[in-house]
Amino acid sequence: MNPVLRKLQVSVTQQVLVLNQAFTSCRATPSIRHPIWCTASANERQYRSMPTHGIGRWRYLLPKQAPKKRREKQPMKPILAATDTAYGSLNVKLSGYDMTLVEHYTQYIHNLCNRLGIRVAESYALPTKSTEVMLMQEKGTKMYVDAVLKTHERVVQVNSLNAALCPVFMEVLLKNQPEGVQLSVKEHTEADYHSRFKARPELEGLMAQINQ
Amino acid sequence: MAAPCGRMASRPLFQLLSCFNRTAVGNAGIRQFSTASVCRATLQAKSVTERASSPWTLMAAVCLQRLPVISADCNPIEQQFKDMILQMELEKSVLSDHELQLLEDAERMRRKQADDYDSDEEEGRDGQEIMLAQDLEDAWEQKLKSFQPAPRARADVDKDLTSAQRCLAETLVLLAEQQVGKEKLWLLPQTQWQEGETLRQTAERALDSLPAGYKATFLGNAPCGVYKYKLPKAIRIENTVGTKVFFFKAILSDSAPPKAPKAPLLWLTKSELQRYLKPAYMMKVDRFVLGV
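In order, the protein sequences belong to chains L and Y. Residue numbers for the first sequence follow this note's numbering, so the first one is 1 and each next one is one higher. Residue numbers for the second sequence follow this note's numbering, so the first one is 1001 and each next one is one higher.
One thing to keep in mind: the hints can contain errors.
[Claimed, not checked] Derived DEER-like restraints, expressed as beta-carbon distance ranges:
{"no.": "1", "chain 1": "L", "residue 1": "191", "chain 2": "Y", "residue 2": "1078", "range": "38 to 48 Å"}
{"no.": "2", "chain 1": "Y", "residue 1": "1183", "chain 2": "L", "residue 2": "97", "range": "46 to 56 Å"}
{"no.": "3", "chain 1": "Y", "residue 1": "1239", "chain 2": "L", "residue 2": "78", "range": "44 to 54 Å"}
{"no.": "4", "chain 1": "L", "residue 1": "195", "chain 2": "Y", "residue 2": "1177", "range": "29 to 39 Å"}
{"no.": "5", "chain 1": "L", "residue 1": "178", "chain 2": "Y", "residue 2": "1213", "range": "23 to 33 Å"}
{"no.": "6", "chain 1": "Y", "residue 1": "1154", "chain 2": "L", "residue 2": "195", "range": "39 to 49 Å"}
{"no.": "7", "chain 1": "Y", "residue 1": "1148", "chain 2": "L", "residue 2": "115", "range": "35 to 45 Å"}
[What the hints assert, rightly or not] Computed far set for chain Y versus chain L, every beta-carbon distance over 10 Å:
{"no.": "8", "residue": "1082"}
{"no.": "9", "residue": "1106"}
{"no.": "10", "residue": "1195"}
{"no.": "11", "residue": "1221"}
{"no.": "12", "residue": "1237"}
{"no.": "13", "residue": "1272"}
{"no.": "14", "residue": "1279"}
{"no.": "15", "residue": "1282"}
[Unchecked claim] Derived, one-sided and incomplete: chain L residues facing chain Y with beta-carbon distance under 7 Å:
{"no.": "16", "residue": "167"}
{"no.": "17", "residue": "170"}
{"no.": "18", "residue": "174"}
{"no.": "19", "residue": "179"}
None of these hints come from the bench; they were simulated from the model. The beta carbon of each residue, even a glycine, is placed where N, CA and C say it ideally should be.
Please put together the full structure from these sequences, using the hints given.
Structure, rendered in structure tokens:
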């Protein structure tokens, strides 16, 4: 009994000593405690002196992700046809010289559609067109630039507008139309979709050459 | 200000069927023709039986609106806020090209005026000072002074209830005086529905029947409101309980003056409608005339 107890005591004291030593060694040099799991791969276990070494590692547990691909060219959204009770894809086109008015009116229409439960497919802007206003000089034949007017265009594409809701919607739009903004509601066609893209003359030339 | 509306795509089901019928006549398919006619016959039979049993006379009325031409005036609070926002934006904004040019010219004039001015030191500007920016601005000021804008509101036109040019900042509704039963009442122009036409066509007929030739765009095939009138028991004819009036909205396309100036027509704002319409009628009309 006694030798067992003594052995236990000795082993306990030895362990305490070892722990103390380890503790002191660790406290003296805290920099060594940084784990280096970022540089090692998941298959290698890192043996460091602290029992809790690598306790925070979790990324090795996640499933392997495929590398991110570049976004592919989006295909055209299908153009809906008109049914008996609802219109198909409609384009609400706003245009004007004052960009703040046109922009705010577009936002108003978009919010109105959200509130009334009308589905808005897309809401985009077409490129700005600059118009130069040239005046004839009073004495002489030369024209000089008087002003540059920029026409801004915004489009709100609306899907399946209910035919019973349409008169109310149109009336609210017309009554809230700001001055200087032109409103037009037309059906959406493929030509409208293609007008959003820039023309690529080299590509078209090559295609013409191939097809010839 | 009237915006061009796109043409409506959908037609009522009845018209679709009738279109189909017309095209089927030309086609060789007898089966198609027969089914279409059967459909049409059953529809008509149904409508005949329905009408025979329905004790209501149907009428359609048109709510012709003239949209506002100019923007409404601001409240005092709105005006104050607007001024404050403009002031803030002006203070936060960057100088424009024209203002920079003005500053440059002023600087150059100041340097010219100074005693130790050496024109050779000046940076080479070819064709300088034909037109100073300040002169341009003065020319623009002169042009602005000679511009006379039209007055926003004219008191005499505003008071004339028959003119479509009054109250340019608000929407106006057309009211006509029509014979209903024994008395003449002020109400939205209406006519009786006839067989074989849609209610919207009835409303269009009501508009055309007015002495003044107004061109309007109807906003849709669906009515915007309904008014039910039960005849008092004394003059109740058999099989007729009363009338149902369906209202259709239309927007005035042109503001041409009417051809018949003596017609009993009025253009009224929403607040003035109350003085001319009967209370029960007004309650129903009030629901769909937007006071925006």
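Just to be sure I understand the hint, the distance between the Cβ atoms of residue 1239/Y and residue 78/L should be within 44 to 54 Å; is that true here?
holds (52 Å)
Examine each Cβ of chain L, and state whether all of them lie more than 10 Å from the Cβ of residue 1082/Y.
Consistent with the label, residue 1082/Y stays out of reach of chain L, its closest Cβ about 13 Å off (over 10 Å).
Taking the shortest Cβ-to-Cβ distance between residue 1282/Y and chain L, state whether it exceeds 10 Å.
holds (20 Å)
Is the gap between the beta carbons of residue 178/L and residue 1213/Y within 23 to 33 Å?
holds (31 Å)
Under the criterion of a CB-CB separation shorter than 7 Å, is residue 174/L in contact with chain Y as hinted?
holds (6 Å)
May I ask you to check that residue 1106/Y keeps its beta-carbon over 10 Å from the closest beta-carbon of chain L?
Holds: least Cβ distance 24 Å, greater than 10 Å.
Is the shortest C-beta separation between residue 179/L and chain Y less than 7 Å?
Holds, because the Cβ-Cβ distance from residue 179/L to chain Y comes to roughly 5 Å (cut-off 7 Å).
Hint check: 7 Å Cβ-Cβ cutoff, residue 170/L to chain Y
holds (5 Å)
Would residue 1237/Y pass as off the interface with chain L, using Cβ distances and a cut of 10 Å?
At about 33 Å from chain L, residue 1237/Y clears the 10 Å cut-off, so the statement holds.
Does the beta carbon distance between residue 1154/Y and residue 195/L stay inside 39 to 49 Å, or does it fall outside?
holds (44 Å)
10 Å cut-off, C-beta based - residue 1195/Y kept clear of every residue in chain L
Holds, since 22 Å exceeds 10 Å.
Is the claim that residue 1221/Y lies outside the interface with chain L correct, judged by CB distances over 10 Å?
Given a closest Cβ separation of 7 Å, the condition is violated.
When held up to the earlier numbered hints, the structure conflicts with 4 and 11 and fits the remainder.
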